[in-house]
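Kindly produce the complete structure, drawing on both the sequences and the hints.
Number of protein chains: 2
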Amino acid sequence: MNFPSKLVENAVEQLSSLPGIGRRSALRLVLHMLKKDKLAVEQFGDSFIQLINRISYCTKCYSISDAELCEVCANPKRDKQTICVVEDIRVMMAIENTMQYKGVYHILGGLISPMDGIGPNDIRVEELINKIENENVQEIIFALSTTMEGDTTNYYLFRRLKDSGIKISSIARGIAIGDELEYTDEITLGTAISSRMPYSE
Amino acid sequence: MNFPSKLVENAVEQLSSLPGIGRRSALRLVLHMLKKDKLAVEQFGDSFIQLINRISYCTKCYSISDAELCEVCANPKRDKQTICVVEDIRVMMAIENTMQYKGVYHILGGLISPMDGIGPNDIRVEELINKIENENVQEIIFALSTTMEGDTTNYYLFRRLKDSGIKISSIARGIAIGDELEYTDEITLGTAISSRMPYSE
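Chains as they are written, first to last, in the working numbering: chain W, 1 to 201; chain P, 1 to 201.
Do not rely on the hints blindly, as some may be mistaken.
Since the list gives no way to pick one copy over another, a pair counts as held whenever it fits inside one copy or between any two copies.
What the hints assert, rightly or not - Result set (SDA-like, lysine to any residue): computed pairs, CA atoms no more than 25 Å apart in a straight line:
no., residue 1, residue 2
1, Lys80, Ser56
2, Lys162, Leu39
3, Lys6, Asp37
4, Lys162, Thr184
5, Lys38, Ser17
6, Lys36, Tyr155
7, Lys167, Glu87
8, Lys80, Gly119
9, Lys77, Pro120
10, Lys162, Gly103
11, Lys77, Met197
12, Lys167, Tyr155
13, Lys80, Met148
14, Lys80, Met93
15, Lys36, Arg24
16, Lys80, Ser164
17, Lys36, Ile132
18, Lys35, Glu127
19, Lys6, Glu149
20, Lys162, Ala40
21, Lys35, Glu126
22, Lys80, Asp163
23, Lys36, Asp185
The hints are simulated quantities; they were obtained by calculation from the structure and are not laboratory data.
In structure tokens, the structure reads:
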């Protein structure tokens, strides 16, 4: 693409550096912005400059937080002895939205992925081990994606933690609520049968 | 969505204000940015602030240009008597990429769309009429989308220009090169038959 302006080209390059946005879509977005008023576009740009300069993380669970402790860790009603291990704050937000979990979190900041060169030292494994060694932790719940990276991380963490004497569990895997069995993929259906649960009313 | 941080929430709101980006995708993009280094994200934000503050338009064809005249209008080899009327610079860039056109452009900056409240006064119609009245223009080529808005704009412009004595044409509509006839939609195929062209070797 030959751009008629360096400014447009630069903005297109920046937008298309984001995952899932191609150069054509980026140009469409840039032209859309040029129709907005100046202040709105300045606020758009400034929101990312503010984000990267002022972002801070909870010193306890490593989730993103504007205060030293995030809302969950700062809440005295939350059970600090139960830690749910998640990949990033998106999963934490999703679990919080269920309003079913009363413990706290540990944000790994990624999953082990040898293909992408991400090893255990690139995510917050040692921080989790430290917590378990130095604090009164009763239960660890793995809530990681059912992907190869999620399973690898699950397995690695389990090996590291299994001798600690703490209760270790993983979120249940099975048929999603509302799913019809004939359309469920074979691996999920197979897993759901072999991990069948006692029926309760 | 309850965000753990106002900074993240603000960046997500800004990104999801763009067409085609939802709040979940926006959050994914924001978390992606937080993994990049500070300078890269600052450059990202700054590119839009620079864009909106320093953007300028060609005084002749209204395309985006860093100079007073865009590269096309400033090129002495281009035929200034032939004006191709387009919706925005994306179409201009697409036509330039064909390297088949030697005239200049007129960027309307939109299409007439009564449904969206966009009338002839909201796009650069008068500027086109002025050019035709005051300059030596020989031919006008409409290169507008084959949508209802494009056709409405074509028709409106044709009505305004038909008594000017200038040659008026529209880009050919028909079967795309490489298309198989049995899969072509009926309207396109019908138009292609009724606008059949003399066969030339």
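Hint-by-hint comparison with the structure:
Proximity of lysine 80 and serine 56 under a CA criterion of 25 Å is satisfied intra-copy only: 21 Å inside one chain copy versus 57 Å between copies. Taking the closest pair of Cα atoms, lysine 162 and leucine 39 never come within 25 Å of each other, the shortest separation being 55 Å inside a single copy and 41 Å across copies. When the C-alpha separation of lysine 6 and aspartate 37 is checked against a cutoff of 25 Å, the pair qualifies both within a copy, at 20 Å, and between copies, at 23 Å. In the homo-oligomer, the alpha carbons of lysine 162 and threonine 184 never lie at most 25 Å apart, since the shortest distance is 32 Å inside one protomer and 62 Å across protomers.
In this assembly of identical chains, lysine 38 and serine 17 lie within 25 Å of each other by CA distance both inside one copy and across copies; the values are 23 Å within and 15 Å between. For the identical chains of this complex, lysine 36 and tyrosine 155 are neighbours neither inside a copy (50 Å) nor across copies (28 Å), given an alpha-carbon limit of 25 Å. For a Cα distance limit of 25 Å, the shortest separation of lysine 167 from glutamate 87 inside one copy, 20 Å, qualifies, whereas the shortest one across copies, 64 Å, does not. Taking the closest pair of Cα atoms, lysine 80 and glycine 119 never come within 25 Å of each other, the shortest separation being 28 Å inside a single copy and 61 Å across copies.
In this assembly of identical chains, the alpha carbons of lysine 77 and proline 120 never lie at most 25 Å apart, being 32 Å within a copy and 62 Å across copies at closest. In the homo-oligomer, the alpha carbons of lysine 162 and glycine 103 lie at most 25 Å apart inside one protomer (20 Å), although the nearest pairing across protomers, at 74 Å, exceeds that limit. Proximity of lysine 77 to methionine 197 under the C-alpha cut-off of 25 Å is found in neither arrangement, the shortest distances being 30 Å within a copy and 78 Å between copies. For the homomeric pair lysine 167 and tyrosine 155, the shortest alpha-carbon distance inside one copy (15 Å) is at most 25 Å, but the shortest distance between copies (74 Å) is not.
For the homomeric pair lysine 80 and methionine 148, neither the shortest alpha-carbon distance inside one copy (29 Å) nor that between copies (61 Å) is at most 25 Å. Within a single copy, lysine 80 and methionine 93 get their C-alpha atoms as close as 18 Å, which meets the 25 Å cut-off; across copies the closest is 58 Å, which misses it. Taking the shortest alpha-carbon separations for lysine 36 and arginine 24, both the intra-copy value of 19 Å and the inter-copy value of 23 Å come in at or below 25 Å. Taking the closest pair of Cα atoms, lysine 80 and serine 164 come within 25 Å of each other only inside a single copy of the chain (17 Å); across copies the shortest separation is 80 Å, beyond that limit.
When the C-alpha separation of lysine 36 and isoleucine 132 is checked against a cutoff of 25 Å, the pair qualifies neither within a copy, at 51 Å, nor between copies, at 30 Å. For a Cα distance limit of 25 Å, the shortest separation of lysine 35 from glutamate 127 across copies, 19 Å, qualifies, whereas the shortest one inside one copy, 47 Å, does not. Taking CA atoms no more than 25 Å apart as the test, lysine 6 paired with glutamate 149 passes in neither setting, with 40 Å inside one copy and 30 Å between copies. Proximity of lysine 162 to alanine 40 under the C-alpha cut-off of 25 Å is found in neither arrangement, the shortest distances being 53 Å within a copy and 41 Å between copies.
Taking identical chains as interchangeable, the C-alpha atoms of lysine 35 and glutamate 126 lie at most 25 Å apart only when they sit on different chains, with a minimum of 19 Å there against 49 Å within one chain. Proximity of lysine 80 and aspartate 163 under a CA criterion of 25 Å is satisfied intra-copy only: 21 Å inside one chain copy versus 81 Å between copies. Within a single copy, lysine 36 and aspartate 185 get their C-alpha atoms no closer than 46 Å, and across copies no closer than 36 Å, so neither meets the 25 Å cut-off.
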